[in-house]
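Protein chains: 6
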Amino acid sequence: MRFDEGYSGKVFIMSHPTHEDAQAIIYGMPMDWTVSFRPGSRFGPNRIREASLGLEEYSPYMDKHLEDVKYFDAGDIPLPFGNPQRSLDMIYDYAKKILDLGKFPLGLGGEHLVSWPILQAVHEKYPDFALIHIDAHADLREEYEGEPLSHSTPVRKTCELIGPENVYSFGIRSGMREEFAYAQDSGMYMAKFEVAEPLKEVLPKLKGRNVYVTIDIDVLDPAFAPGTGTAEAGGITSKELLESIQLIAQSDVHVIGADLVEVAPIYDPTEKTPIAASKFIREILLGWVK
Amino acid sequence: MRFDEGYSGKVFIMSHPTHEDAQAIIYGMPMDWTVSFRPGSRFGPNRIREASLGLEEYSPYMDKHLEDVKYFDAGDIPLPFGNPQRSLDMIYDYAKKILDLGKFPLGLGGEHLVSWPILQAVHEKYPDFALIHIDAHADLREEYEGEPLSHSTPVRKTCELIGPENVYSFGIRSGMREEFAYAQDSGMYMAKFEVAEPLKEVLPKLKGRNVYVTIDIDVLDPAFAPGTGTAEAGGITSKELLESIQLIAQSDVHVIGADLVEVAPIYDPTEKTPIAASKFIREILLGWVK
Amino acid sequence: MRFDEGYSGKVFIMSHPTHEDAQAIIYGMPMDWTVSFRPGSRFGPNRIREASLGLEEYSPYMDKHLEDVKYFDAGDIPLPFGNPQRSLDMIYDYAKKILDLGKFPLGLGGEHLVSWPILQAVHEKYPDFALIHIDAHADLREEYEGEPLSHSTPVRKTCELIGPENVYSFGIRSGMREEFAYAQDSGMYMAKFEVAEPLKEVLPKLKGRNVYVTIDIDVLDPAFAPGTGTAEAGGITSKELLESIQLIAQSDVHVIGADLVEVAPIYDPTEKTPIAASKFIREILLGWVK
Amino acid sequence: MRFDEGYSGKVFIMSHPTHEDAQAIIYGMPMDWTVSFRPGSRFGPNRIREASLGLEEYSPYMDKHLEDVKYFDAGDIPLPFGNPQRSLDMIYDYAKKILDLGKFPLGLGGEHLVSWPILQAVHEKYPDFALIHIDAHADLREEYEGEPLSHSTPVRKTCELIGPENVYSFGIRSGMREEFAYAQDSGMYMAKFEVAEPLKEVLPKLKGRNVYVTIDIDVLDPAFAPGTGTAEAGGITSKELLESIQLIAQSDVHVIGADLVEVAPIYDPTEKTPIAASKFIREILLGWVK
Amino acid sequence: MRFDEGYSGKVFIMSHPTHEDAQAIIYGMPMDWTVSFRPGSRFGPNRIREASLGLEEYSPYMDKHLEDVKYFDAGDIPLPFGNPQRSLDMIYDYAKKILDLGKFPLGLGGEHLVSWPILQAVHEKYPDFALIHIDAHADLREEYEGEPLSHSTPVRKTCELIGPENVYSFGIRSGMREEFAYAQDSGMYMAKFEVAEPLKEVLPKLKGRNVYVTIDIDVLDPAFAPGTGTAEAGGITSKELLESIQLIAQSDVHVIGADLVEVAPIYDPTEKTPIAASKFIREILLGWVK
Amino acid sequence: MRFDEGYSGKVFIMSHPTHEDAQAIIYGMPMDWTVSFRPGSRFGPNRIREASLGLEEYSPYMDKHLEDVKYFDAGDIPLPFGNPQRSLDMIYDYAKKILDLGKFPLGLGGEHLVSWPILQAVHEKYPDFALIHIDAHADLREEYEGEPLSHSTPVRKTCELIGPENVYSFGIRSGMREEFAYAQDSGMYMAKFEVAEPLKEVLPKLKGRNVYVTIDIDVLDPAFAPGTGTAEAGGITSKELLESIQLIAQSDVHVIGADLVEVAPIYDPTEKTPIAASKFIREILLGWVK
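Protein chains in written order, with this note's numbering: chain A, 1 to 290; chain B, 1 to 290; chain C, 1 to 290; chain D, 1 to 290; chain E, 1 to 290; chain F, 1 to 290.
There's no promise every hint is true.
In silico lysine to any residue, SDA-like type, Cα no more than 20 Å apart, as pairs [what the hints assert, rightly or not]: (1) 64(B) with 239(B); (2) 192(A) with 239(B); (3) 64(E) with 123(F); (4) 192(B) with 196(C); (5) 239(C) with 191(B); (6) 70(F) with 102(F).
In case anyone wonders, no lab produced these hints; they're calculated from the structure.
Okay, chain A solo, but in the shape it has when bound (with noise of 0.2 Å):
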């Protein structure tokens, strides 16, 4: 695998040069071929990558720099383009590989899609984890437009292989009737619109258990993250998810693994997301890697 031989291409500032006593592997899924709208975010690892060095290595939020953890950047998986099932089946592979070395997977998309696959690699490992889920979008369909393989059904995927029981999603604002039904009746738990209130009061019930968090670039508002497939008015800020983030690291749980998809650079010529997305990714390796 790619990350045995060491990488030459671009990788997130601070990375280490070998991947052997890292704690977290960063990898990038540059898949966006099922999705129906807008693709482009198979450049979103890139870009994060490249805008990470305009990143300070130090964080005023975490009172923590980059040198006090350990991580390989190892550049982005080669998916197969247009072959949706290959690339499930690789980005399988490679996550579990990282959970074998018993190191942090710290995934960037790429579609919401690739989280299905790392979500099975992480069900094998750690059979009793619950998923934390912030996006704009429920994900909770059992299919799209036919083909069950879609960026909308991955946490519903998720819900039926650990249980709905077990799934916590925050800041959904929007979704078709019956996922919202189907929120409400399974026994999942669904935070609307907000996510650091919400993430207050169920932090605590996740005390010392295992925890993988996946986040949607697109909970955020346009204002804050234009570039992505499927914006969606009426997110949150930065702000907000900056605190989410020190939320979690500051609570009990455990977290075996992230996230952080839907980075479509070309829909924004700020390039304020990736910028953002950036500072997401630096925090995460500050406050949940441990």
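Following the hints, position chains B, C, D, E and F against chain A.
Just chains B, C, D, E and F, lined up with the frame of chain A:
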């Protein structure tokens, strides 16, 4: 008239094929020729329709689905380029016809002057109606550089038509000294800078009354709606406007018509302005058309 | 000097034709040559002037009109391209002259380093002044990649000049570990992330003092001000900055000069950054020049 | 099939309301999922239709009017996102049906791979047809990173299907060494860099033959068509492509179908690419459909 | 009139401070209200002035320097927004006054309709003048959607005013069938697609005559001038237009006035359109004002 | 020096991993601090490298493949921001070292002033070399607003260094009267407006000589290269520049080094400028490095 003949151009999602049994008529007013600064709102209506394709048909805010409301998008009124008076006459006739049919007029601007003939038609049917005006600008000028027909004058004209005590402005953060003086002295209501909080105070007083609502997209901060002719810093968030629409929906006022104006897509390469506007229109359909 | 001769280029709206009876002098410092990341703030002053044409002359925040204040926009200082030391010398001389004439210097940047010679000139006239510094970045570095003259150093230099106990920073959300350590250990004041709330606490303590205020536009979130060199996610809103300007205006401090820096228009195709900046300048004129 | 039922979306100007008496069928193939570099050509067909609204219906090049030709724009084939094989099957069926009805298929891409199933269908009806291929890229690869279904392979596949001696490429300025070697050795015709001049030589040799023409918009220099996935400097002008279309129209070949592919509007903020493409489609309708 | 009082806004480089001894008067006509498709040319004049700051004052084409010509840039005529008739009247009065003073009127549009009142004024002073019209569009319509005052009609009106045999159009590549038929039947001259070559043939025939030249920037291909309202593929290069200006300068015609219209900067984020336009204006000043 | 240690940043495609056996060294000079108008060329080198990823490795112009040439991309020289003199010293040392190693220096700018120290270093090794200068601007000023170190002066300085009779400029279309007078009087060669045709005349005269070539991307028309600091209408096409590179490659001159400068990506949202520039670099590698 056009909406009698069916229409084959762009329409808002889930528009009914004919107007006969529709409760509401959506219509565009592609006029921007009295605008002094940055033209382009003539393209607003069609871009809002296009952006509606990216919307979910269900609203978690209202817990309603667009199939619960019957509406017909009649397309744009074919206004004569560069001829303000004839344009206003045509809008007046159009709005009057909708009202005569007992339907809810939901207009898409175009510059704010388009609201003036609508309000005249509304006044004929509902002489006792009150106006809720949500905007960054007071629009209380008597004339603009010698022209009484200007996008800066419609609210002043309405004060003269229905009495200032029946005019309620919200979110105002820009205007001439004379306009703010008029607001204070005339007996009209004006809430500066904020929308949702003052609405909570005003709505109970309007209980049972017929109310027309006009929204200028520039009440939003340019962070949320850069695609408008006269962007003004210091505005409200998309979230606050969504909340305000919901407050009106849940109140005891009787909304008899509405418009959303001044979306000028060319100034917003990220398309976040029409994306937000289409969501507001969905919420208005679901919450105000009864 | 240029402002003695009149000036025929672009000016801020309602600038007086000559400087003689002006209370304040607006002047641009089109310098960006020590900037490491994204240059372009040299075009900030003129774009702020252009955007001022879209402003109302009356402010509902201050309930004042620009005709209530006398100011002269002297245009840009003709700084020599690529020569930082000579540029700083010219700015020093310019600021000194304004202060000698007993007028309020209102500077438009340009990179943040331009504030340093102004502060030196201010110090000579008001040895006991305090600095209010509103910014995303601490700017407390001793040097930047070996260069002591850098846009990352002016606040540190000022601490050394007037004593850290006279320096008050607000809104800081980015910097090196050493900068935050210095802030904590040196005795200066630093409010992280927020501006308006901490100002409410600090202003009473500064009662009666001479205060110079320097504002870096990047204190705003990139949603509100993408047009800047080093955009940093997680910032404040335009509304909060307007409120902060008002808080200072209503306080008992004596503002003796101010600047607004780092507007780099090229990175903002929507022009919302200069639009907001021109409004802040109007508010400063109305609220701080007495 | 869709074109039997009428269609109410966007259409090319002056499209007939039904397909029955149409000589030509315009159809879109919104597919870009095997594209390795910059996706977005899925939006090409609709933006070409939109841009057609700005066209005159009369052509001074052909001295003909669009009312002189009967054509029906059937809209886009509803291709399944991210599923290349099923997409190609659907395009094959669609093209076959048009050909069975004796009509001229005029396809709008989408990535260049969409031409492959069309050419298979054309081959069944006209086993002796020749291909005119106008493009910056040779598209003669056997596979692309292991995938035989790729936008880099359709011309090679066609060589194998109909014999390289029946394939004529024009304007080629990019490809692998192996592709140019194949072009030289296989017996196919390839004109490098130029289109109009070599056409003047080749067309007389094709006298009386059935010819299908596929045009990749990237044969134009990026100055004329920046809105495409793989822009390549050194291309021809819009004028030369207009002249080339005219040369074919005035020749003695029998054009039996055509397509125009790879318009990716997102990369062209000025919209000049769809504006040019819509003009080429008008000229093809007027000049080639007989 | 404004140019009697001096003017303090933006001016073309090296404009003289007063008009008294100027040979030519530059004046802007910021009107775009009869434009059907994409407004924005009202901003053309000022952006051309701004772009002139980047020009050299010397022309290697003409081997002349701007200090060799005396001209005064009078700024924009303050046209009333949305009032075409009054606007045209004001332009007529303005042009008449310049001509009465014996100066060369050099107008900056604005939409092409602005040329009509100028040509009426020119006709009064020079009843025998000929028109050179360089444009992508024939502009020979009798009316546009019922409005005789439209940007599509000025050349037709001029044919009626001065006789078609005195009208020479160049570069035309778009129009209705009727317009081309009129061009052929009426006795006017029309060169399709090309400008420089046909000028070489026509200019000797115009030897010694008074000639007014109107240039629509859209004669250029959108590659060279995307910033215009109705971009039309297949146009000429900037080089050919520069050569054409030079051909006229070196000919034996007597140029008595000129205008350059339809620069709409908003559609060109690269600014290449006003950059090119300002160069054309410099060449016109150097080559035609004698 | 950096290229001795290997380099892990962005590199031009197919760069060798070490410099030892490389025939040519690619190096970036990210300097734009003496630029008077529009900065941003400091980002040119890396965007050219990025764009190279979209290039084919084989050139049908040269019929050669990048694996036929050995070159090492050493990354950017770490120039000190805002310090022109030290920057030039570092470039001088760097170029000297490459020349001392007997390798071909292929520099990427950066503003045109960066060529000056390279030419000084070249002169030391090849005192008899001739300069081919391809540019829109004469760059023959003695100083620019008092600064002798300016991007407008390098060709003049070179004339003084090696004698004007050894300087050959092509494509020049902008400059001061004095610069054109100097060109005419000094004995240097200058071809105005054109590049390829005059090269065909000049190259035979340079037979057998050592020649350094400096190309300013703005020799292209802004249609082909809008991403540059001082765009000048009326330029050549990408095709003509490709042809010119080929003419030099096929001639009997001995190219000893080259640079390509003034790519400023920020002004070109379509990326066509770095796309074209990367192709020119490929052609230079294939055609000039022997």
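For this session: Sort out which numbered hints this structure fails and list those numbers smallest first.
Result: 3
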